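> Letter by letter, the chains look like this.
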Amino acid sequence: MERAEIFEKLNEVFRDVFDDESITVGEDTTAKDVEGWDSLRHITLLAAIEDEFDIEFSMGQTVSMKNVGEMVDFIQEEL
Amino acid sequence: MSLTSFYFLFFVLCTVLLYYVVPAKYKWTVLLAASVVFYISYSVAGIFILTATALITYFSALRIEKIGDGYQSWLAENKQDASKEERKARKKASQSHQRRYVALVVTVSIGLLFLFKYYGYFASGINRAFSTHLWTAENLLLPLGISFYSLQLIGYVVDVSRGLTKAEKNPLKVILYGSFFLSIMQGPFNRYNHLMPQLCGEERKRLSFYKFKLAVLKISWGYIKKMCIADQIGCIAREVFSNYAKYSGLGIALGMAAFAVQLYADFSGYMDIISGIGELMGIEMPQNFRQPFFSSNISEFWRKWHITLGAWLKDYIFYPILKSKVFLHMNKSLSKTLGKKTGERIPTYLGMLILWTLIGAWHGAGFNYVFSVGLLQFIYIVLGEITTPLTNRLNNALRLKKGSLPLRIIQSVRCTLLMMFAWVFFNSPTFTDGAHMLGRLFSGKPSLGQITAVFNTDSEVLTGSMKAWLPYLFLCVLVLFVADLLHEKGVFIREKIEKKPYVFRMLVYLAIIFTIIVFGAYGEKVNVNDFIYFDF
Amino acid sequence: MKKRYLQLTGKIIAFILCFAIVFLFLNAVFSDLYATRARCFDRMEDNSIDAIFLGASQMFSGVNAQKITEEYGISSLDFGSDMQPMMTTCYYLQEALKRQKPKVVGVEVCEIFNDSITVERLVYNYSAMPLTSEKYNSLQTVLDGDKLRAVKYCVPLIANHSWWNQINPIETLRDLFFYNSAECAERGFLYRYTVEPQEIEYLGEKDGNIREIPDHSKDAINYIADLCRQNDIKLVFFKLPVARDWTRNDSKTVKEYMSENGFTFFDMNDNFGEIGIDPETDFHNGSHLNTPGANKTTDYFVQKLKSLEVF
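Chains as they are written, first to last, in the working numbering: chain A, 1 to 79; chain B, 1001 to 1536; chain C, 2001 to 2311.
Do not rely on the hints blindly, as some may be mistaken.
Computed footprint of chain A on chain B, listed as stretches where at least three residues anywhere in the stretch have a Cβ under 8 Å from a Cβ of chain A [stated by the list, open to error]:
no.	region
1	1107-1119
2	1255-1264
3	1343-1354
Below, in silico cross-link-like pairs of lysine-lysine (DSSO-like), each with a Cα-Cα straight-line distance of 30 Å or less [to be verified]:
no.	chain 1	residue 1	chain 2	residue 2
4	C	K2011	B	K1205
5	B	K1304	B	K1213
6	A	K66	B	K1325
Honestly, the hints are just simulated from the structure, not real lab data. These numbers were taken from a predicted model, which means no experiment stands behind them. For every residue, glycine included, the Cβ atom is placed at its ideal position computed from N, Cα and C.
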């Protein structure tokens, strides 16, 4: 899957999880940029992304991803 | 070797000198030797327990990496041929094999931790409740730093299993990681790939005079916080907490405030000393405090207080729990029945409940610990979240804009008061003592007499009148506040001092030296009415 | 290059100088902290004292040196500090003899049985005394040879710093910079007018436990006696009237020891009636006379010394 396509799908997931239609994520988006994305919601968010792409993030990836760009890298790896 | 003894200063001096004399490739051996010496100065038996735990960790990490490498090489060979299911199955098998070694390390570490720290408490409880005569491990001394190195070593082995760090080939380096003298006593919790490259890296290290001065300033500031603030104000806290039945109302409040000052100054002062010594050797220790009392809610407070503990628990307990099959399943099924928001909240809160219970229990064996810095914090956070719409309406009604200074002040004060309340239980010998002490907070009419009572005959703080102690307490709070405020605004205080002309710097240095000499809690304390020899 | 070295040396010298000034100032503040009677000694003219009385707080509460000087014409001085053990009394005598040539030395023996050293004793006894080699040696003796602690107590700033919360800044500044050398008319005597009725243990039913005079005290007594002999001083040991902590057995033990060794000693607890002490009005507390009681005692004391041909 192309990166742009992944980002499109991610936008949908983010908007759904955080209940905010205005969210758009990019390479450098981090938790600070999205309201409600704290450590408590991180797992919920990743679970939703895993469902969407039918993949599974490892714990290593879960704790080490620094921004959405890295997240997309991991998604591409798992696909 | 107490941090406030001349032996320790001498030890640090020798270690730093040796560190710069020895060639880069072997500098880590100096740190290992220093860590062993430091540990042995407290307990000889303990070093064997630590070494054993570290070696088990070392072997397990190597095995885990080998298993992982096995899977990777199979994957490289068979990526084209194998189906997705087969890849998944292989991956699962490899992971589960690795998990057995992780479980080994966890069992050994936590088992030993439980034995030395918690078993006695439970055994005594059972004996009392059922009139049994279980061995209560009374003679077992708690090995130095076991609460820290156990978790740190577990973190290392889990990181290897997650592929975040390579397994260490040299067992001595794993022992160094477990015993490193700068974090063995009170933390901070390190991560293997943040600490070890600094300790074992082979770049040349050079200490400029400027960096040396900055480090010494930080170390001095740490000592001032510890000796002049924490240990002195601690007398007031100790007096009120040990004899709360004698005091009431404002007297109790004074004790609570004093303890908050003591705890913060002691812990953060210790961190400053440790990281200052690290700076002398070009080692960056993780930060444990980030102006916690300016937080707007309890969640934020715990992201700024004892930061490395929270971070460790998040990465190694909280996330694994939430990501477990059980919890994800719970999330899904509850979301179906109760709606997405609630369905997600319940497993999160359940995970948080487990997390906070563990945080509380980690602090000590006793319900007062589990409650004060565990369950109560959980209650604070959940109540805070539940009442958010209510507080938002209140803030709007009072015209308090979000992020405005008045609101932030109110939030910060509220946060401080909530923590002071919780710390009453933390500092009391038992939960009931804490409850009684808080009960006395509300007894009697507020009067100056309640405060004067603390400074009377028979009181530990007698050597001194209220006229000296209260201004001193106020001064300590002011100093801590100003330092934190400057840090919050991003001011690098030490750098600013070093940039000023020599006269200013000389005054600062003299002030530091004489503050420690006059106000430092060292030597023998003279107690006028007690005639008792009291050693600090 | 030369300029840089000069600058550096200048900086170092400036630092050391400022450090020394602040250190000496703070040291003076902390040695002034506990106002002992001993400060009076500083303000006396050299070679002007004929009779020095040594001992602990009982002594300077019970022997009115001002009265003796003014009414009896014998220039006297009370020179002691609270809870002063006999070993420290030796040291006070050494210091006294540096500047005075008394004809008579009287030593009150209330602390003869008590040679335990507490931090409070060390602070009371040594803080206000100047730094001399005798001070260091005395501290070493008192601290059983612990050189490090002895050095610490030689430096009041280090020894007393935990009393930072007891400092009265106004009094301290006045004492350091504005003291009037004409003061100290009271000659080391402590005027006290509080009254606490007492029951006299010495006159009670029990003889009391038998206590032994510790070796430290015996050594001290011998040393004092030697010093007085060398300087041609008439030496007298005495015990002031007290309400408690002094029993008939105590008195007996001391009398025996003193007579065995040829020292002059008298116990004024045998003479309550003659002195005219009223236990209801003449005591400040169980161990100390108040000033009315002291004045009566002083009169008797002077008569006694005259009858012994000491005065």
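> So which of those numbered hints doesn't the model satisfy?
1 and 2
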